[in-house]
Amino acid sequence: MVVFGFESITSAMKARKLLRRAGISSRLVRLDEIDSDFGCTYSLEISEILLLEAVAVLRRASVSYRLIQ
Amino acid sequence: MNSGYIYFDNAATTYPKPEEVKQALFECVERYCANPGRSTHRMALRSSEAVYEVRELISEFIGCELADRIVFETNATYALNTAIRGLVNHKCHVITSDLEHNSVLRPLYRAQREYGCEISSYRSDNSIRESITEVIRDDTEFIVTSIASNVTGRVTDIESLSEIASERGIKLIIDASQYIGHFSVNVKKTPIDVLCAPGHKALFGIQGSGFMYVRDGLNFPTLVDGGGGSDTFNSEMPEYLPERFEAGTLNTPAIVSLGAGIKFITSLGEENIKKKIESLTSLLKDVLVMNDADIYGCNNGIASFSLRGISPSRLSVMLDEYGIATRSGLHCAPLVHKRLGTEKSGLVRVSLSIMNNENELDRFSETLKKIRK
Chain V
1 MVVFGFESIT
11 SAMKARKLLR
21 RAGISSRLVR
31 LDEIDSDFGC
41 TYSLEISEIL
51 LLEAVAVLRR
61 ASVSYRLIQ
Chain H
1 MNSGYIYFDN
11 AATTYPKPEE
21 VKQALFECVE
31 RYCANPGRST
41 HRMALRSSEA
51 VYEVRELISE
61 FIGCELADRI
71 VFETNATYAL
81 NTAIRGLVNH
91 KCHVITSDLE
101 HNSVLRPLYR
111 AQREYGCEIS
121 SYRSDNSIRE
131 SITEVIRDDT
141 EFIVTSIASN
151 VTGRVTDIES
161 LSEIASERGI
171 KLIIDASQYI
181 GHFSVNVKKT
191 PIDVLCAPGH
201 KALFGIQGSG
211 FMYVRDGLNF
221 PTLVDGGGGS
231 DTFNSEMPEY
241 LPERFEAGTL
251 NTPAIVSLGA
261 GIKFITSLGE
271 ENIKKKIESL
281 TSLLKDVLVM
291 NDADIYGCNN
301 GIASFSLRGI
311 SPSRLSVMLD
321 EYGIATRSGL
331 HCAPLVHKRL
341 GTEKSGLVRV
351 SLSIMNNENE
361 LDRFSETLKK
371 IRK
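In the order they appear, the protein sequences are chains V and H. Anchor point for the first sequence: position 27 equals 27 in this note's numbering, and the numbering is continuous, going up by one each time. Anchor point for the second sequence: position 323 equals 323 in this note's numbering, and the numbering is continuous, going up by one each time.
Excised from the complex, chain H in its bound form (with noise of 0.2 Å):
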């Protein structure tokens, strides 16, 4: 891109990359991307390695002590889709939020049509307790939700939605896609059936990278079947994991890229990421609040605003026009919008991730004063 053009768009996916993960990306398109587990030959050996190295750190970064238990996803979406309609595959009551994005509610309301199963919705405005005791039933077998809004970026507090969910005996599934790489999440002191994550975000590998953690003695059906290299003559996908749910070529540079992405957030530390989110999103909402903003939500370096007078979709095209990138519209997020009552309209959002800075705050400040104008 154009020096000087500003991304605020980093809900979607993050931009620029880390020069780490593009020369890690490089070096494996470049010197050895074969096809990893299918071959011996060496660079397919050399793949392998790539791939096997990738499932341990994101096995030791989420604090789960079997690398087998990370299974490689091309983004959240798949990973929730495996995830969904493998395990809510019969008539039972499934606990969501308000705040769900389309990639939990789509495969849960096919469930709804497939299988008959109740959803309710849990408000995200209240405590978490209070929220869950609100809807929870006894025949309540899954709550599937989001721990970080990518509309508001509101954050969920997950220890709580997981002793509710281990004191109950339901199956928790998340959706970490606007949480993770910002804060962490460890499966072992907060235990977690089924988390689910893109590796584009945050963690700054690239599309076509994420992931799904599966606890240790869950299994569930396939949502694709076909070759994984092993266990041959079945005619079924193996039960062991990952491969059960690896089947096809998996996407090695991806899965590289994810790695040196998650080395690069690893070494900047949680807490240093977290204070430099925190610095941006609270001076994200000074110059929101300067220019009149009219604001829905502003957490986790997440804001979704409009401007008096302008649409949100005219005023996405000025920024861009100013060179600034946002995105415009309902986010895939239908239920949040029409809570905020700004379903017709959508509403402008900007996400910020640790590579943007206060510079470009300024100039965002001074872009909406002259829209304002």
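Bound-form chain V, shown alone (with noise of 0.2 Å):
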């Protein structure tokens, strides 16, 4: 599993949704740690196989996010 993190709850909304429409699910998740930057930090986890795809579609629709692990 790999985990993406967002600037916010919209943000992270509105990710989930792009992915979903692009067929990947992902599950909202709470990260145990916060964030140093985002300080809390809403995150999605998706498969590993799908990274790649999930990181196109993200970078399409300009949703700013960073790999948390």
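The set of hints was computed from the structure by calculation and includes no laboratory data. This structure is a prediction, so every number in the text was calculated from the model and none was measured. From the three backbone atoms N, C-alpha and C, an ideal C-beta is built for every residue, glycine too. Treat the hints with care, as some may be off.
Heads up, incomplete: computed chain V residues facing chain H, CB under 8 Å, no partners named [what the hints assert, rightly or not]:
hint, residue
1, S8
2, K14
3, L18
4, Y65
Assembling the complex is the task here: the two chains are given apart, and the hints tell you how they should meet.
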């Protein structure tokens, strides 16, 4: 599993919707630790094999994210 | 309210609300109304999803491609204050109209006092191009105006207004309070910098709902600072929207009700709504003419009038005694009452929604006849 971190809940919701439209399922998760840049972070967990596809979807829509793990 | 009571005060807030709105509201409060955008337990996530769904719904409804440009506000007044106080924050020239509500005027007067802003009002009874040309200057930075009067119902030509603003590089801040829901707004076809709208009028949300659309690329200082659930170590509100302008807990039930209201009017269809409002307005005018009323404006479901020999405030009380809700007074719109010469007495306002019907107008007519005897 890989985890994408987003700056806000709106951003995470938008990303989840975009990924869903592209056929990529994700799960909104809470991180165990607070992200040093974002503070409280909303994150989406997706299957590692879909990483490149997910990155492409998010980049196309100019959604800011951080790959957390 | 008792059955048989007729509600003609929809320009203040619409009543009754559609069943779909009440159901969505009840379901939210009953089943999942946790704090959206804070925690990540399942109820909070359901709440966050509901809020985001309405954000998307509004963005589609007004032709905006980015849901994050929709900021939830508690009403149009807060949205207008956020926009006006955020943008008109230096000495500049601003154009407004002679129809404005105090939600536009008072923030502008504050800018006049604090920054020395110069304000010119255009006359709303001419064509918009002619009127604006009379007051526009090379240093005009903003046009801040409503697009339908809450007193006369008069509708402004928003397309021309948008064209003029675009041609001259002027920022356009629109108050859509009495317009949206009866007419469509499309910010893609008709560019607007900031659109402020209540949710509790013709969009049929409950009180406490409203929104502000901010065009992509535009940003300005915040009116309220506080927690937003993200960017926690930043000593200021985040730069990104909508969180920048959404400090504190959102009013999830109101937002959900607004979403249900928009779905309701979308299901009716814009043309059907327009036809019904036009037909009811025409009938309302006939009723007032038949009853010898002095009519000061009758458009877009709103009529302001008086009856000779009865003060507007007394008339409104008498109508209430007969089971009809209207609003008397100055309607928080000082300039238009001065222009109409009714600043001492005010007027009675009847304002309709698509939930009203012809039978209610017949009863209104009979009641006016009784009162005039």
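* **Violations among the numbered hints** => Violated hints (numbers, rising): 3, 4; every other hint is consistent with the structure.
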